[in-house]
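Asks: As you go down the protein sequences, you meet chains W, E and B in turn. Going by the working numbering, the letters in the first sequence line up with residues 1 to 156, in that order. Going by the working numbering, the letters in the second sequence line up with residues 1 to 292, in that order. Going by the working numbering, the letters in the third sequence line up with residues 1 to 163, in that order.
Read the hints as simulated data drawn from the structure, not as lab findings. Keep in mind that the hints are not guaranteed to be accurate.
As the list claims (entries may be wrong) - If you want a taste of the chain W side facing chain E, the calculated C-beta under 8 Å gives, among others: (1) 55; (2) 56; (3) 57; (4) 86; (5) 119; (6) 122; (7) 123; (8) 125; (9) 126; (10) 127.
All residues carry an ideal CB built from backbone N, CA and C; glycine is no exception.
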Amino acid sequence: MIELRRVIDVAAQPEVVWRRLWDVPALARCIPGCEGVETVEAERRYRATIRDRVGPFRIAIPLDVRVESTPPARLSLTAAGRDSALGSPVTVTLAVSLTPGAGGGTRLTLAGQGDVGGKLAALGQGVIDRKTREILDRFAGNLAGLFADGPDAAAV
Amino acid sequence: MLPPFEIHQPATAAEAVALRAQFGEAGALYAGGSELLLAMKEGLGGFEHLIDVKTIAGLADLALAPDGRAVTIGAAVTHRTLERSALIRQRLPLLAEMARQVANARVRAVGTLGGNLCFAEPHSDPPTALLVHGARVVLAGAAGARRLPLADFLVGPYESALGPDEILTHVDVPLPPPCAAGAYVKFGMHERPTVGVAVLLVPDERRAAVAEARVAVGCVGPVAARLPALESALAGARLGDLEAGWPQAARAGEALDAVSDLHGSADYKRAMAGVFVGRALALAARRALELT
Amino acid sequence: MSARRIALDTTVNGRALSLSVEPEALLLDVLRERLGLTGSKRSCDVQVCGACTVLLDGLPVSACSVLAYEARGRRVLTIEGLASDERLHPVQEAFLATAGFQCGFCTPGMIMAVKALLDDSPSATPEEVREHLRGNICRCTGYASILAAVAVAQRALADGAAG
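Bound-form chain W, shown alone (with noise of 0.2 Å):
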């Protein structure tokens, strides 16, 4: 199970910075790996798989992504699915709040967990952990870039 907390600071105001959230294309272009975003239900629930390599493997997980929220100040997702080639479950969660920061700006605090079992952990636990925690710190790192040039700067 891999933990993220991240905070990042943005100079937009908070009500630009939670508009840009709700921009799912964008935001998923953050996520490494992530294509076939769909929206089955707007604001509530979308699909999406996440595609990877361990070395010579290639790895792709359908995800059902669940979202709850509370204008205009927080978020939080729960996607879940399973590894398409063993079968195995792949849980992530993440919360992300906004508070008002320095100069007008926002303070995203961010707070995640993924979580990987089955085969697919047993097999590779240590390559699994490192993976799950590179793909949430590019997240993270990419989430920033989005923010960083404007709101209509494109995803890092």
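Since the structure of chain W is provided, determine the placement of chains E and B on it from the hints.
Replies: Frame of chain W, contents of chains E and B only:
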């Protein structure tokens, strides 16, 4: 059982390289199959084309290099061959000691050195023993051959520097100085090792102290690695002290990038690394003293 | 022959055979399903337990994890190939003498591993025997009777029993 595939039989490295380029990710190099077939049984990697490297002429050759200063080990040489070879036992005894301990007799009969290095399983023996010899791998690709230190070839867990249209043809292992003595020790309760330690000691002229030490630890981190700080600390150490048990060995694990997994926590693995570094040093020191 | 099959000319227990197999066919499945040689067992399926041990050109291999393709032009020996019409092999006799088995599931693989060892190193020390048999797991006996069987077999072979 296994998903369907075709088997291709290149006669030369160039043919194998062409097949790799042709099949891309749908193709897999196949030697002993001791990792590949297991992975395919698990459902990882549905490769539709297996490229059998055992049909390539010369890939199972094992010989002293023309300059007499290294041994060239073909990629398709099995662990069993390394274990039994008179050349390896005489000139690279640490490798023979390692090969003898790989997995079990059946895996040693089919598993190859090249296959092991290219699969880059962290919990494995050969890289650790090869690192203390400064081994280099030779890769053949469409652009020609290139040579890489093993440390640069082993990029990460299950990840080698082998390019998508390259094959590993052989491993060059420089001979250690004639007065050197070494040891390979391993520990584990699972099928794969939890800790592997290789030590090579070059004694000084009076054969009482260490002139140069080489220490590698495998299985603990994402890749096997040398311990340069420990190697420096060992310079000048008396062989007798190492044989009796060198207290600083216990802390050898602190420098390691340890990964928690089913073999144990990172702390446990670091602690075990310290224990087995101490034992390997003691064994190598004893052998160095016996050579006098 | 369909395009997805390959010709396999091999010798199994002394008999020359010409088979047509899928490239992905495992040796164990060909032995058990095609040839009815069910002495070799599928147990762990990952080369750890040794219940599927057969000899390929005299070397012990895990039939569960070796392609039938690898047997082309080579000699395969299974547990069924040890005894002659008249007598059991000395290793088999030794296992009987010491009761080196209980349920018998690991026994074919164990015997083949012992045969490979003694063919290669008839004078293996008890330490070497233990090392070699590390890859064959028995859940019943606790191994003492198995190691005793190896010692009995070594003496019988040294005394000239045909092995």
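Asks: Kindly indicate which numbered hints from before are broken by the structure, ordering the numbers from low to high.
Replies: Hints that this structure does not satisfy do not exist here, as all of them hold.
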